[in-house]
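If you read the sequences in order, they're chains A and B.
Using UniProt numbering, the letters of the first sequence map in sequence onto residues 1 to 219.
Using UniProt numbering, the letters of the second sequence map in sequence onto residues 1 to 219.
Incorrect hints may have been included.
All copies of an identical chain are treated as equivalent in the list; a pair is satisfied when it fits inside any one copy or across any two copies.
Stated by the list, open to error - Subject to a maximum C-alpha distance of 25 Å in a straight line, what follows is the list of computed BS3-like cross-link-like pairs (lysine-lysine):
1. 113 with 53
2. 7 with 53
3. 140 with 83
4. 27 with 183
5. 106 with 41
6. 83 with 186
Hints were generated in silico from the structure; no laboratory data involved.
From a predicted model like this one, the values you see are computed outputs, not experimental measurements.
Protein chains: 2
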Amino acid sequence: MTNQEVKVFSAMESSFGKRVEIALKMKGVEYEHVAEDLSNKSAELLMYNPIHKKVPVFLHNGRPIVESLVILEYIDETWKSGKSILPKDPYERAASRFWANFIDSKVLDALTKIYRSKGEDQDATEELGELLSILENELKDQKFFGGESIGLVDIVADLIALWLDVIQEGLGIEIFTQQTHPKLFKWSEEYMNCSIIKETLPPRADLLAHYFRSAYASK
Amino acid sequence: MTNQEVKVFSAMESSFGKRVEIALKMKGVEYEHVAEDLSNKSAELLMYNPIHKKVPVFLHNGRPIVESLVILEYIDETWKSGKSILPKDPYERAASRFWANFIDSKVLDALTKIYRSKGEDQDATEELGELLSILENELKDQKFFGGESIGLVDIVADLIALWLDVIQEGLGIEIFTQQTHPKLFKWSEEYMNCSIIKETLPPRADLLAHYFRSAYASK
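Chain A with its partners taken away, still in its complex shape (with noise of 0.2 Å):
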């Protein structure tokens, strides 16, 4: 497939828009990266993803897919050529997408209690603890939830590679250090060491600006 045009409206703060230009690099996909300013979202983005009003929004010749686990799937089924993003086998790919749910409901959910409450909410905190060990059982012995290399699960995980990471350097918290979670630590240290990875994901000290700029400056 040539000649395509192939956007991503997204922002340097998002880590679910990060997830869709991961996929692209994982398909040797060429994009355009169009940058929005979430405080103040274009007419185009709003055009393009009228519900939910959101980023990542994914433009390929012309239409648009909203969603992030929608647009991971979307990539993995038309662009065949390069890594695959999901499993092969049906049943792991259930599990893939089970994991995928897991982070972006139970982790996400915890994860924004958390830095809403400036680290305050001791509940939400203890429940995540407790799902990062969960995900840390799931990850065994192996390098990766997609096993040798990443794939879908790992893709979405980077809310903890990244922010997660970020978010407890700011709040002066530890939840997720080598000690709590030994396996997934050092899956956090692999992962962000991947070539793909270290050349989407914005820098550490950017992204720290960024979430505790406004509401946190004067903590």
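Got chain A; can you put chain B on it based on the hints?
For chain B alone, coordinates are given in the frame of chain A:
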């Protein structure tokens, strides 16, 4: 494939469990139904779904899969015979997943608020009316969301065709009628008339009795 063990752990009142049974019937797959009492879940259910502790649990040759949308994708990928649940085209598949998620997040949230408030949450009532208008618009002039025959979005939307209908009757409110949403209402009649749906969904009266037996007995 023969001599397979296919079990569905579910309950009469679970829309999510019924989805799995409908999908299996579309594929012509025989299965054993294990009836769960949701107020006293079995040890087997909790063993197979330790994280969410919910129905449905789908068991295929001893291996459990949970979450109805994950199970529906698994069934479609595993049994190629019978009717397709998702479309073949990647863009249409993405659209189906989007609308299934829309129903399971926004529509379900509003419906839950209405049920819990005994119909007194006016904001939720208004919101649900608007969400149904969005679905009505998406249906266009098709017979089903899946086109000429039912597919993923139709199966997921039985939350509207039967459950919403029962809840509004039980509460004595009118959100979804032939007047408010004529195309979607016609869809719900067509859907409820499909032979597979008729033989799978519980009788309206049983569902009504179940949902309004305890909490609303004194209303």
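Now the hints, each set against the structure:
1. When the C-alpha separation of residue 113 and residue 53 is checked against a cutoff of 25 Å, the pair qualifies both within a copy, at 22 Å, and between copies, at 23 Å.
2. In the homo-oligomer, the alpha carbons of residue 7 and residue 53 lie at most 25 Å apart inside one protomer (17 Å), although the nearest pairing across protomers, at 40 Å, exceeds that limit.
3. In the homo-oligomer, the alpha carbons of residue 140 and residue 83 lie at most 25 Å apart inside one protomer (22 Å), although the nearest pairing across protomers, at 37 Å, exceeds that limit.
4. Taking the shortest alpha-carbon separations for residue 27 and residue 183, neither the intra-copy value of 28 Å nor the inter-copy value of 41 Å comes in at or below 25 Å.
5. Taking identical chains as interchangeable, the C-alpha atoms of residue 106 and residue 41 lie at most 25 Å apart only when they sit on different chains, with a minimum of 22 Å there against 27 Å within one chain.
6. For the homomeric pair residue 83 and residue 186, the shortest alpha-carbon distance inside one copy (23 Å) is at most 25 Å, but the shortest distance between copies (44 Å) is not.
In this structure, the one hint that does not hold is number 4.
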